[in-house]
Amino acid sequence: MIAASLPHRLDRIVNIQASPDTVFGFFTDVGRWARWWGAGSTIDPRPGGRVLIRYPDGTEVVGEVVELTAPERLVFTYGFASGAPIPPGSSRVAIRLEKHGPGTRLHLSHEFDDAGVRDEHVQGWRYQLALFSNVVSDEVNAGAEGLIDRWFDAWAEPDSNRRAELIAAVAESDVRFRDRYGLTEGAADLIPHIAAAQRFMPGIRLKRRGEVRHCQGTVLADWVAVNAEGQERGSGTNVFVLAANGRITSVTGFWAPPKPASRT
34 MIAASLPHRL DRIVNIQASP DTVFGFFTDV GRWARWWGAG STIDPRPGGR VLIRYPDGTE
94 VVGEVVELTA PERLVFTYGF ASGAPIPPGS SRVAIRLEKH GPGTRLHLSH EFDDAGVRDE
154 HVQGWRYQLA LFSNVVSDEV NAGAEGLIDR WFDAWAEPDS NRRAELIAAV AESDVRFRDR
214 YGLTEGAADL IPHIAAAQRF MPGIRLKRRG EVRHCQGTVL ADWVAVNAEG QERGSGTNVF
274 VLAANGRITS VTGFWAPPKP ASRT
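Under my numbering, the final residue of the sequence shown carries the number 297; numbering is consecutive throughout.
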């Protein structure tokens, strides 16, 4: 049973690039809950339901769901199974979600009966909410590699109508593109820019090289530019920013320095 008075509170607010419904799903699905906290963690998503957090080092936190209002609010008690530094039932975590632009603003409050214990959890919640944002965005952007491959395919498409369809399938209409040779605002500006790139660099095609690297809606993708014979003519890295719906909102391209000529 939770303590009657919890005078010391830790508050934290973070923005997550996913809809409130998607974010809330991590509070009601055991598999998602475990992806956040660690293997073996469980939640029974109903008032009075058991909460178990099993950290990767084996430390266990136990609690009980106090309130669950989809897709807005989760409240649960939080205490260490060992009894220290927080006995079971002697602190309370409240998480509130609100729509924020295309994504979600998460408000967290953790109430304690001891100020020192509260202060010990400040960095812990910074870390745990960063983990949470990543596991949510990893799910939203699970198809990032295919999305980026289709983006590169659009740059090799000679037909303007088909090119527009390919861009529309992966990017927002106001997508922004920047690199050493381009600065466009919106798909209508980008489509003819790609046509110009094809005219001035005939036969060149960009292909993704290696796996993408993703963090909270920002994706790095290395690429190589090859000619019709498959010979490398350049390389670089693109930085993709993805929206809460998983679509591309901006791309910044970086060309790698040219390789020095070999000496004979």
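Derived from the structure by calculation, the hints contain no laboratory data.
Model, not experiment: these values are computed from the prediction.
We put the beta carbon where it would ideally sit given N, CA and C, even for glycine.
Treat each hint with caution, since some may be false.
[As the list claims (entries may be wrong)] Label pairs and their calculated CB-CB ranges:
1) Arg45 <-> Met234: 35 to 41 Å
2) Thr102 <-> Arg266: 52 to 58 Å
3) Asp90 <-> Arg45: 19 to 25 Å
4) Val274 <-> Asp77: 19 to 25 Å
5) Asp44 <-> Arg246: 45 to 51 Å
6) Tyr214 <-> Glu153: 47 to 53 Å
7) Thr102 <-> Arg45: 16 to 22 Å
8) Pro135 <-> Asn194: 48 to 54 Å
9) Val257 <-> Gly215: 32 to 38 Å
10) Gly149 <-> Val274: 23 to 29 Å
11) Ala148 <-> Asp171: 33 to 39 Å
Verification of the hints:
1. Arg45 <-> Met234: 35 to 41 Å: 48 Å, violated
2. Thr102 <-> Arg266: 52 to 58 Å: 57 Å, holds
3. Asp90 <-> Arg45: 19 to 25 Å: Holds - the Cβ-Cβ distance for aspartate 90 and arginine 45, about 22 Å, lies within 19 to 25 Å.
4. Val274 <-> Asp77: 19 to 25 Å: 37 Å, violated
5. Asp44 <-> Arg246: 45 to 51 Å: At 32 Å between Cβs, range violated.
6. Tyr214 <-> Glu153: 47 to 53 Å: Once the Cβ atoms are compared, 52 Å apart, the range 47 to 53 Å for glutamate 153 and tyrosine 214 holds.
7. Thr102 <-> Arg45: 16 to 22 Å: 20 Å, holds
8. Pro135 <-> Asn194: 48 to 54 Å: Violated: the Cβ-Cβ distance is about 28 Å, outside 48 to 54 Å.
9. Val257 <-> Gly215: 32 to 38 Å: 18 Å, violated
10. Gly149 <-> Val274: 23 to 29 Å: Roughly 40 Å apart at Cβ, these two residues miss the hinted range, so it is violated.
11. Ala148 <-> Asp171: 33 to 39 Å: 35 Å, holds
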